[in-house]
Each structure stands twice: as C-alpha cells, then as structure tokens.
Amino acid sequence: MSVSSFEVNSAAAMRDYYVEPRLDYRTISGVNGPLVVLENVKGPRFSEIVNLKLGNGEMRKGQVLEIFGNKAIVQAAGIVSKMIQEGEIAGRVILLAGEPGTGKTAIAMGIAQSLGSETPFTSLAASEIYSLEMSKTEALTQAFRKSIALRIKEESEIICGEVVEIKVERSLSGSGDKIGSITLKTTDMETVYELGAKMINAITKEKISAGDVITIDKANGKITRLGRSFSRSKDYDAVSNDTKYVQCPEGELQQRKEVVHTVSLHDIDVINSRQQGFLALFAGDTGEIKAEVREQIDEKVSEWKENGKASIVPGVLFIDEAHMLDMECYSFLNRVLESKMAPILILATNRGITTIRGTKYQGPHGIPLDFLDRLLIIATDPYAPKEVRQILKIRCEEEDVDMSEEALELLTTIAGQASLRYAMNMIITASLAAAKRKSNTVGVEDVKRVYGLFSDIGRSVKTLKEFQEDYLYSEVE
Numbered sequence: 001m002s003v004s005s006f007e008v009n010s011a012a013a014m015r016d017y018y019v020e021p022r023l024d025y026r027t028i029s030g031v032n033g034p035l036v037v038l039e040n041v042k043g044p045r046f047s048e049i050v051n052l053k054l055g056n057g058e059m060r061k062g063q064v065l066e067i068f069g070n071k072a073i074v075q076a077a078g079i080v081s082k083m084i085q086e087g088e089i090a091g092r093v094i095l096l097a098g099e100p101g102t103g104k105t106a107i108a109m110g111i112a113q114s115l116g117s118e119t120p121f122t123s124l125a126a127s128e129i130y131s132l133e134m135s136k137t138e139a140l141t142q143a144f145r146k147s148i149a150l151r152i153k154e155e156s157e158i159i160c161g162e163v164v165e166i167k168v169e170r171s172l173s174g175s176g177d178k179i180g181s182i183t184l185k186t187t188d189m190e191t192v193y194e195l196g197a198k199m200i201n202a203i204t205k206e207k208i209s210a211g212d213v214i215t216i217d218k219a220n221g222k223i224t225r226l227g228r229s230f231s232r233s234k235d236y237d238a239v240s241n242d243t244k245y246v247q248c249p250e251g252e253l254q255q256r257k258e259v260v261h262t263v264s265l266h267d268i269d270v271i272n273s274r275q276q277g278f279l280a281l282f283a284g285d286t287g288e289i290k291a292e293v294r295e296q297i298d299e300k301v302s303e304w305k306e307n308g309k310a311s312i313v314p315g316v317l318f319i320d321e322a323h324m325l326d327m328e329c330y331s332f333l334n335r336v337l338e339s340k341m342a343p344i345l346i347l348a349t350n351r352g353i354t355t356i357r358g359t360k361y362q363g364p365h366g367i368p369l370d371f372l373d374r375l376l377i378i379a380t381d382p383y384a385p386k387e388v389r390q391i392l393k394i395r396c397e398e399e400d401v402d403m404s405e406e407a408l409e410l411l412t413t414i415a416g417q418a419s420l421r422y423a424m425n426m427i428i429t430a431s432l433a434a435a436k437r438k439s440n441t442v443g444v445e446d447v448k449r450v451y452g453l454f455s456d457i458g459r460s461v462k463t464l465k466e467f468q469e470d471y472l473y474s475e476v477e
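Numbering follows the UniProt record's numbering, in which position 278 of the sequence shown is assigned residue number 278; successive positions increment by one, without gaps.
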C-alpha cells in the first residue's frame, strides 16, 4: 500500500461523517441518489434497505450508510432501480465493472431485493449457458423468458359465507351418489345451496362444519376454509393453535372477485411445449422449445394485452462473469434486446482489456465494441476501511459469531492487505479456533492462528516463487 493511499484510508477511518458527510456513496442500484437524514430511527442497521419519502413527496427505496444513535444517513435508490420499477428501461443493458470484491454481485442482489417479489429476477453465471443438452441461444432465450412475467387478470364468481348447516342424504343401499345441501349466511342474508357428490366429498375432505367461514369458487368448485366465526368462539373451552377466528361476511353471498395471476413466459412455454408439460416445470427437464410454440404464445399474449386481460412485467436478467460469453452469444443478445418483450439485462465482470471469447481480438472487459455501445457502464470502487469493518461485523452476525473489537480491527486490516473474501472466510474458522480453547468470543489470538494456518493469495504466490523448484512441472521460461 502506497503512502498516499494509506493517508486516504486513515483519514476515511477517522472522519466524522455526520459533521463532514461524503458526497459520493455506492447505492443499491450503483447510481448516486439524494442523501436523506432520518431522525428517530428505531434500530437502524448498516446497509439495510428502507422505504423513505423525498422532499417532493416521492417514495423511494434507500440504503442506510451511516448510523449515529437514533439518526441514520440514507441514500435513496438511484436512477437505475427507480426506472426498473417503473418499467422505463426495458431492453437496456447495464454493466457493473470493477475489480474483485467491490460488490458487483451484491449490487445486483440489492436491486433484486428493492424491486420486490412482483418483478421477476433471474440470476445465472455466463458459464451456465454452455451445455451439450442445449444450445447457447436456447439457454439465453429461456433465461430471457424467465425474466419476463405475464400478469393475468381474471374475474371469478365466489360464494362467501358462514356455514349454518350441512345436510347429507345417502341411499339405503349405499350404492347411489350422495346428495345434500349447505346453508350459508352473511350478516344480511341466508341461502340454501344444493350439493352434488363431488362437492360433498370436497367438504368432507376440508373438514367443514357448522360455524366455519368458507369461500366456494363457482368456476372450479374449489372450497377454501377461512376460519371459524367469532359467534362460535365460545363453543369449546379449548381449541388448537391452528384455529383462526374471523368475522361473519357482510353483504351478498355471491360476489365477483378479481384474481391476478403472475406467471413467467418460460413457464407458459414449457407447459405448451409438450403433453403434460407442467410436469417438466417440477422435473427441470425442459429441453429445447420450438420457435413455433413461442410465436403462438407471443401472439396470444399480444391479444390478451389488447383486450386488457393481461399486462407484461419486464424483469431483470443478471449474468455474472460476462467475459465468459463468446461472440455468438453477443450477436444473439444484440438481436434479442431489440424485440418488444425484452427484460433489463445486467452484466457483471472483473476483467479489463482481455480477449473476446471465440475470437483472437481483445476488447474492454472482453466484450465486443458494438455491444459495448449499448451499455450503461457502472464502475464499482474498492470499499473504504470503515465499510469493510461494517461488512465484516454484519457477516459475524449472520454466522452467529461473537468477535471482540480488537479481533474485528485486526480482521479489517487483513482484509485491506489481502482481500475481503479472505477475511470473511476467516470468520468461521476463527470461531472454531476459539471454541477449541473453550471460548465463546473470538479474540486476536484466534485470528492470528487462523491467519498463520491459511495463506492468502499474496503469501501463496510468495511461497511458490521461493520454493518453485520443489514443485513438479514448475519449470519457468
């Protein structure tokens, strides 16, 4: 470490960020957003994702960057995360470029967390697309289709009420079908419905009895037990923990309810690609899907969109180690990103000027220049010492390891000299060393012992150079 970098890191570690806050933070989206100081925050945690309101009343996600008692400096999610949520950058490509250990994958996972469960997020490594069972373009197509969701709106008629009485009539011989009736009520009305054999079997299977509040889907006959009515809460002195009491429904027994189903285009492709295709969803053996099947599905989806029955939700496809993609993959990506239904593509790489796979030419990050022209490039910088310390502290909490402040400081120093990943791997091994000496807290001696047992990259290279003659096939030109 040079003298200038040592002075910068020392100043960063001793700086009072509340008096003199940084002007530039790394955010969950990799793009700078406005800083917000939150007062009276209950139990804030470093790097926690929170909801906040900006001065103009706009709601955004944010990341906790500094904590001072019950105050927290939060940086709002930047442009990328906000535009993904609003679906404004579908078909765009974002490249996270930086040296190893600078949080590229963490930023992508942060975006996935901030988008919520409604937006599809698919993650894969570039080497996963190379397979003998499937072509590269098919693997990429399936990944793209997994990242696009179809939100289908459906109106269904349901009967919702409290069960008053269930009557079942059986023939004396026992050979005929069972028939019966069920009496349902709301606070405003009461009605008797005739039941067939299948409905009686469904009621018996769900163990429906008088006093239960249920819903019946008229389209498929599905019965759902919502719970017991509060009016029957005193029927028994003791009930199980699974018993849930609900209010008796109000209004009409028959209601129209809008149900929203969210399914990916890939799931629809698999189901329609073969007979009993839905079984392939669980087995994972999807195989190659014909282009004709996808074209028919796209036509149907376009028809549903025009009729207002469905809407497209463009998601995010994250490809790590993007330098492992070859020229054929980039040519395919150039074409597929121009289609109407394309998700947001996020690439991550830790390479500089390197050979483009499948060619003898070199390019920035191992990516062809014509594809680079499409990218929004976000550069990730190394963590400051204070950030490294907070990351290691959070990792200790996740690993359920109690570490002393002195040991944490030593581990932070080791992370600066070696790497953050090496320091994180030392946490669990240091806890095992502490357990061997019957201690519940990891101390400095435990970190030193583990540091002596396991070499980092720098010490390993130094050892190889020193003893290279003792290794097999170690001739150096």
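Check before you lean on any hint, since a few could be wrong.
As the list claims (entries may be wrong) - Restricting the straight-line Cα-Cα distance to at most 30 Å, the calculated cross-link-like pairs of lysine-lysine (DSSO-like) are: (1) Lys386 to Lys462; (2) Lys448 to Lys153; (3) Lys207 to Lys178; (4) Lys153 to Lys178; (5) Lys136 to Lys198; (6) Lys386 to Lys153; (7) Lys136 to Lys178; (8) Lys136 to Lys167; (9) Lys244 to Lys222; (10) Lys438 to Lys465; (11) Lys360 to Lys153; (12) Lys234 to Lys244; (13) Lys153 to Lys136; (14) Lys185 to Lys257; (15) Lys234 to Lys290; (16) Lys136 to Lys448; (17) Lys136 to Lys257; (18) Lys386 to Lys340; (19) Lys340 to Lys146; (20) Lys146 to Lys207; (21) Lys185 to Lys205; (22) Lys438 to Lys462; (23) Lys448 to Lys465; (24) Lys205 to Lys146.
As the list claims (entries may be wrong) - For each label pair, taking beta carbons as the anchor points, the in silico distance ranges come out as: (25) Lys205 to Phe230: 22 to 28 Å; (26) Lys136 to Glu398: 43 to 49 Å; (27) Glu169 to Glu303: 44 to 50 Å.
Think of the hints as simulated: they come from the structure by calculation, not from any bench. By construction, the Cβ of each residue, glycine as well, lies at the ideal position given by its N, Cα and C atoms.
Here is how each hint holds up against the structure:
1. Lys386 to Lys462: 29 Å, holds
2. Lys448 to Lys153: 60 Å, violated
3. Lys207 to Lys178: 17 Å, holds
4. Lys153 to Lys178: 36 Å, violated
5. Lys136 to Lys198: 48 Å, violated
6. Lys386 to Lys153: Answer violated: Lys386 to Lys153 is near 49 Å, above 30 Å.
7. Lys136 to Lys178: Given that 30 Å is the threshold and the Cα spacing comes to 57 Å, the pair is violated.
8. Lys136 to Lys167: Violated. Lys136 to Lys167 sits at ~61 Å, over the 30 Å cutoff.
9. Lys244 to Lys222: Holds, at roughly 20 Å.
10. Lys438 to Lys465: The given pair, whose Cα atoms are some 38 Å apart, is violated under the 30 Å limit.
11. Lys360 to Lys153: 51 Å, violated
12. Lys234 to Lys244: 13 Å, holds
13. Lys153 to Lys136: 34 Å, violated
14. Lys185 to Lys257: 18 Å, holds
15. Lys234 to Lys290: Violated - the C-alpha atoms of Lys290 and Lys234 are around 61 Å apart, more than 30 Å.
16. Lys136 to Lys448: 47 Å, violated
17. Lys136 to Lys257: Not satisfied, since the Cα-Cα distance of roughly 43 Å exceeds 30 Å.
18. Lys386 to Lys340: 45 Å, violated
19. Lys340 to Lys146: 15 Å, holds
20. Lys146 to Lys207: Answer violated: Lys146 to Lys207 is near 38 Å, above 30 Å.
21. Lys185 to Lys205: 22 Å, holds
22. Lys438 to Lys462: Since the Cα atoms of Lys438 and Lys462 sit roughly 34 Å apart, the hinted pair is violated (cutoff 30 Å).
23. Lys448 to Lys465: 24 Å, holds
24. Lys205 to Lys146: 36 Å, violated
25. Lys205 to Phe230: 22 to 28 Å: 25 Å, holds
26. Lys136 to Glu398: 43 to 49 Å: 36 Å, violated
27. Glu169 to Glu303: 44 to 50 Å: For Glu169 and Glu303 the Cβ distance comes to about 47 Å; the hint holds.
Checked against the numbered hints given earlier, this structure breaks hints 2, 4, 5, 6, 7, 8, 10, 11, 13, 15, 16, 17, 18, 20, 22, 24 and 26; the rest are met.
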